[in-house]
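The whole structure should be built from the sequences, with the hints applied where relevant.
Protein chains in written order, with the working numbering: chain A, 1 to 135; chain B, 136 to 197.
These aren't lab readings, by the way, just hints derived from the structure by calculation. As the structure is a prediction and not an experimental result, all values here were calculated from the model. Some hints here could point you the wrong way.
Taking lysine-lysine and the BS3-like style, the derived pairs with C-alpha atoms no more than 27 Å apart in a straight line are [to be verified]:
{"#": "1", "chain 1": "A", "residue 1": "Lys50", "chain 2": "A", "residue 2": "Lys15"}
{"#": "2", "chain 1": "A", "residue 1": "Lys14", "chain 2": "B", "residue 2": "Lys155"}
{"#": "3", "chain 1": "B", "residue 1": "Lys155", "chain 2": "A", "residue 2": "Lys126"}
{"#": "4", "chain 1": "A", "residue 1": "Lys15", "chain 2": "B", "residue 2": "Lys155"}
{"#": "5", "chain 1": "A", "residue 1": "Lys50", "chain 2": "A", "residue 2": "Lys14"}
To give an idea of the interface, some chain A residues facing chain B are shown, with a C-beta separation under 7 Å as derived from the structure [claimed, not checked]:
{"#": "6", "residue": "Asp21"}
{"#": "7", "residue": "Ser30"}
{"#": "8", "residue": "Met38"}
{"#": "9", "residue": "Phe56"}
{"#": "10", "residue": "Asp61"}
Just so you have them, the derived chain A footprint on chain B, three or more residues with Cβ under 8 Å [claimed, not checked]:
{"#": "11", "segment": "140–150"}
{"#": "12", "segment": "154–168"}
{"#": "13", "segment": "179–193"}
Every residue gets a Cβ at the ideal spot worked out from N, C-alpha and C, and that includes glycine.
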Amino acid sequence: MGCSLATSLVSEIKKFRRDIDPDFLFVEPSEMVLTHEMRDVTSMGLRDVKYAVGPFITLVDGPAFEVSWEERRPLILGQVEGADIVAVTRSDLLDTGRVQEIIEVLREYTGNVFQMSVTGNAGLWKVMDILYLNS
Amino acid sequence: MRVVSVSGVLGSGKTTLIRKVITLLSERGGRAGVIVNEDGEEGYPQDFIETHGIHVAQIRGG
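Here is the structure:
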């Protein structure tokens with residue numbers, strides 16, 4: 001993440017805190033941003049204003065995992081490592097065995113991995129629990 | 136205010152997850168905001184913003 005982008009993000013976070021102060025501020029970075037970069041940048045505003053940081057959630061596209069893991073492994077790892085929770089998304093498009101294989105691969109790099117899909121809201125309540133647990 | 140980061144490659148479901156969580160939060164009286172990169176702003180149309188009373192800010196390149 002470049003300097004100007006980091007500065008813009010910190011500025012927006014501080015603006016939200018000062019002007020609106022929502023219970024939760026979700027940051028959706030571009031696909032190239034790594035988790036450790038997000039941790040560093042989202043914490044920078046704490047020098048000026050008070051707010052809480054985290055959890056850091058990483059989503060891994062289940063059906064695209066095989067190709068991503070082959071071709072973009074450094075990026076996927078950079079997003080998985082350091083994340084508080086990792087969700088394998090669109091898991092309803094895969095059979096259960098394949099989802100478990102992906103989860104096992106990712107668990108070598110991070111502890112809290114689970115499956116998620118829009119159908120039936122699988123995994124959604126886990127995210128909600130973690131949000132409220134942290135708040 | 137708690138800052139929550141949702142990372143992932145394009146198409147991994149970041150906007151879908153955030154929208155679902157915001158919907159559940161607003162049902163419980165929670166207030167939310169979103170900072171989104173330039174690829175994701177379309178995921179938060181005006182009717183969604185108004186329905187849930189959220190604020191959305193865009194950052195370029197991020």
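The hints, checked one at a time:
1. A:Lys50 with A:Lys15: holds, 12 Å
2. A:Lys14 with B:Lys155: holds, 25 Å
3. B:Lys155 with A:Lys126: holds, 13 Å
4. A:Lys15 with B:Lys155: This hinted pair holds, its Cα atoms lying about 24 Å apart.
5. A:Lys50 with A:Lys14: holds, 9 Å
6. Asp21: holds, 5 Å
7. Ser30: holds, 4 Å
8. Met38: holds, 5 Å
9. Phe56: For Phe56 (chain A), the interface hint holds, since the closest Cβ of chain B sits about 5 Å away, which is under 7 Å.
10. Asp61: With a closest approach of 4 Å, the Asp61 (chain A) hint holds.
11. 140–150: holds (count 11)
12. 154–168: holds (count 9)
13. 179–193: n = 3 at 8 Å, threshold three: holds.
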